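Enquirer: We have chain A already, so just place chain B on it with the hints.
Spelled out from the first residue to the last, the chains are:
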Amino acid sequence: MSAYLTVEELDGLMEINLRHDWVFANLRELQETLDEIEPVAHRLVRFQCGALQNFDLAGAWILYERSMDFEEIGVKTEFENFRARHFKFLQHIIDLAAQKEYIPGFFDPKPHHYWRDGIRGIGANTIEAVDSVGYIARAVLDGIKRPSRLVIGETIRQVHATGAAAIPIVSVICFLMGVVLAFQSARQLEQFGANIFMVDLVANAILRELGVLLAAIMVAGRSGSAFAAALGTMKLTEEVDALRVMGLNPNQILIIPRVLGLVIALPLLTVFANAAGLLGGAFIGATVLDINWFAFTERLAITIQVNDVLVGLSKAPAFAFLIAVTGTLRGMQVKGSAEELGRLTTMAVVQSIFLIIVADAIFTVVYSRIGF
Amino acid sequence: MDEQHQHVISIRGLVNRFGRQVVHDHLELDVRRDEILGIVGGSGAGKSVLLRSILGLHGPNEGDISVLDHPIRHHEPGPHKKWGVLFQGGALLSGLTVQENVELPIALHSDLPVETRRELAVLKIFMVGLDLTAASKYPNELSGGMRKRASLARALALEPKLLFLDEPTAGLDPISATEFDQLVSFLHANLDLTIVMITHDVDSLFSLCDRVAVLVNKGIIVDTLDELVKHPDPWIQEYFGDPRAVRARAAARRRSASRRGPG
Chain A
307 MSAYLTVEEL DGLMEINLRH DWVFANLREL QETLDEIEPV AHRLVRFQCG ALQNFDLAGA
367 WILYERSMDF EEIGVKTEFE NFRARHFKFL QHIIDLAAQK EYIPGFFDPK PHHYWRDGIR
427 GIGANTIEAV DSVGYIARAV LDGIKRPSRL VIGETIRQVH ATGAAAIPIV SVICFLMGVV
487 LAFQSARQLE QFGANIFMVD LVANAILREL GVLLAAIMVA GRSGSAFAAA LGTMKLTEEV
547 DALRVMGLNP NQILIIPRVL GLVIALPLLT VFANAAGLLG GAFIGATVLD INWFAFTERL
607 AITIQVNDVL VGLSKAPAFA FLIAVTGTLR GMQVKGSAEE LGRLTTMAVV QSIFLIIVAD
667 AIFTVVYSRI GF
Chain B
31 MDEQHQHVIS IRGLVNRFGR QVVHDHLELD VRRDEILGIV GGSGAGKSVL LRSILGLHGP
91 NEGDISVLDH PIRHHEPGPH KKWGVLFQGG ALLSGLTVQE NVELPIALHS DLPVETRREL
151 AVLKIFMVGL DLTAASKYPN ELSGGMRKRA SLARALALEP KLLFLDEPTA GLDPISATEF
211 DQLVSFLHAN LDLTIVMITH DVDSLFSLCD RVAVLVNKGI IVDTLDELVK HPDPWIQEYF
271 GDPRAVRARA AARRRSASRR GPG
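Residue numbers (this note's numbering), protein chains in the order written: chain A, 307 to 678; chain B, 31 to 293.
If we strip away everything but chain B, and leave its shape as in the complex, we get:
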């Protein structure tokens, strides 16, 4: 694979300011093809602003962002057909059923006959683990976990190469959260997907992410988890020294050990 395709997202010299408050100060980030990158940071560290900048929903003060070799500009269309976004609250259109929600991007970006569009939508809905009954319901009739799944189906409708997940497991009970992590991992294994996810769930971080980007001091530190836990930054130390993080890390280590099998 040639060099320019190595990086699915590349951010150079990103500066975001709100009044006097500087959120990002010449931030640089490269996302590699086929990886799962987690983004963490304290509240107000600028996770959402970073995501919104990448998606072209927010115009940064300075800096260049390119996604899938497509330069991102505020208010200009991005690579819509190649990316999918799972918003935090799901952001399903409340006036449409789940099936109509998933069918919408397909209808907007193709000239396929109705029956084909519908079958494709249903395929995606099945893929995220929902059934026809759920597909015919309106978003407000679904539980939080189902809504996230439906929203994921919509994000995957156009076979994207790049998937953004904004706090995918927030507000889910631990069982649904684990199931959702498994689903993401399954999709990543089966589709050519690069995944960028903002998360606070240390379990998802340790079980899914190849690398983690930590937003600290207006900049970003990107590394594998094994390296990050040794990083001297106080916020990182506190974050990964937290009992929950320690437990999640131990659990992840056990899992990968059992996967490798005895001997």
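Next up, chain A with everything else stripped away, as it sits in the complex:
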């Protein structure tokens, strides 16, 4: 028989002697042993508990539950020779069971209604989007109507944190992008002996599209997430509420400096990105492709117009606005839990990158239509 109990069958009576430790650590084996017992042919099951060594709530519960199973099929159960302390456990379990009812399946996951939930989700998101637009519009209006002295200092801090601090990483990325573009275009142009047109390709791609796009994506990852996480944490720790009861408008102190700061910082950052990209192209030209620095700059002056630079730079404030608004709004939506904070921070980054790409597509179509 098992290490935990022995069974004796008498006339119409089943005596079960419990032994050893009936504790949480052995629960699985206890459960299996108890399940093996078939009391069908008996009218009475008696649990002898004298030899029991350690006993805890989990052990008591499993014993009680099995005895209830027996009672249910019409077999009477009784407990004998409990030590006072052990009996108290069991009594405690019985009291708990009497006071509160456990409904099996109460915690089972509710069935999903994909269609209904999906449509509801679209509706909720739409309302949320409209709500957000109104919220940010009001925040900006507030800021214009009653500018606060705090805003200026905070804005400068944001320009530094989101712009100046990002210069190294954005420059490195754009330099490498210039290198990649130069190599790829040179491979094609070599076939026609037109290596020098590499400059046209690199310069157009970097100045019109990639410089600003890479800078914006990098900033979305760096600062968009930082905005959401910082504001979200402030919401969770009631800092936002503290600002409000001190008579400060959280929108003014928290949102406007971030939006304003990024709108100033991103165009400036784009200048660095553009320069680094061109430098990357020129570097490959000089070292690999027989286009020296002089030839590169000369070709650059011929092929690039002022409006090519402006096309790239003009997108920067728009991208900055999208990143900052998405980040701060998602941060302000954090409620309740750390998990929510993580979810909304992720959402802020994913959505701002998505919006950047969508906006870029719109810009490109519009600019090509008007011949800018």
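What you were told as hints is all true, and nothing was included just to trick you.
Each computed SDA-like pair below joins lysine to any residue, with the alpha-carbon atoms no more than 25 angstroms apart: (1) Lys406(A) <-> Ile379(A); (2) Lys111(B) <-> Asn360(A); (3) Lys406(A) <-> Leu126(B); (4) Lys167(B) <-> Leu123(B); (5) Lys111(B) <-> Leu126(B); (6) Lys641(A) <-> Gly120(B); (7) Lys406(A) <-> Leu134(B); (8) Lys191(B) <-> Arg63(B); (9) Lys416(A) <-> Ala430(A); (10) Lys382(A) <-> Tyr408(A); (11) Lys641(A) <-> Lys167(B); (12) Lys111(B) <-> Arg147(B); (13) Lys406(A) <-> Asp222(B); (14) Lys248(B) <-> Leu85(B); (15) Lys112(B) <-> Ala331(A); (16) Lys167(B) <-> His419(A); (17) Lys406(A) <-> Tyr168(B); (18) Lys167(B) <-> Tyr420(A); (19) Lys416(A) <-> Glu130(B); (20) Lys167(B) <-> Gly411(A); (21) Lys416(A) <-> Thr127(B); (22) Lys394(A) <-> Asp222(B).
Source of the hints: derived by calculation from the structure; they are not laboratory data.
Predicted, not measured: the structure shown is a model, and the values here were computed from it.
Expert: Just chain B now, kept in the frame of chain A:
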């Protein structure tokens, strides 16, 4: 019971320093089996550092700590299955419901079927005085008192022999605090539990604790409350001479007198 099992926790020569500031200077402490030990001390006296050292969350500069015959080392697993901790803020995982929070340690440390795990978790939740509706809620939907209870249920999930309570009644209204004290006392009476609690609540001190450890002058003074109130240390005198403490002591004396009954 043999000698080595007498002491559930034993601390020898514990030294904790932060820069030049010495918090504990060769501190010694033994916690006896089945007692409720209260730890008090002024702010900065090192209550939390002591608790964190015992739990292995903080590496002391010197000294040996053993809990349930298990030597405690920083960053090494302690006797997880035998102790439970109620953190000050509850520290329930915010992304899980109360029931999932309580079920988590059971799932981590056993291979029980889901239904059994769930029933055990619910049993613990009932035991601390919550119901199924509360069990299905997330921690941020609960009141402070309920959160503490839920956290206690989680601490008790693995049938621990040793329970740590960090300021269990802090932030609770007097009624909830008294109820919580009653719950702790009830659990202590019904389970084989040794309880170590940091508290500032003089009511809990007088109504629950068998002995009290006071952290003063980088060391520790452990005694029963009746002896401690006579101790000459100025901080102790001030602490127990405080009107609130005097009132709590009188109330505790009345309670124990009425428990003993007339005659």
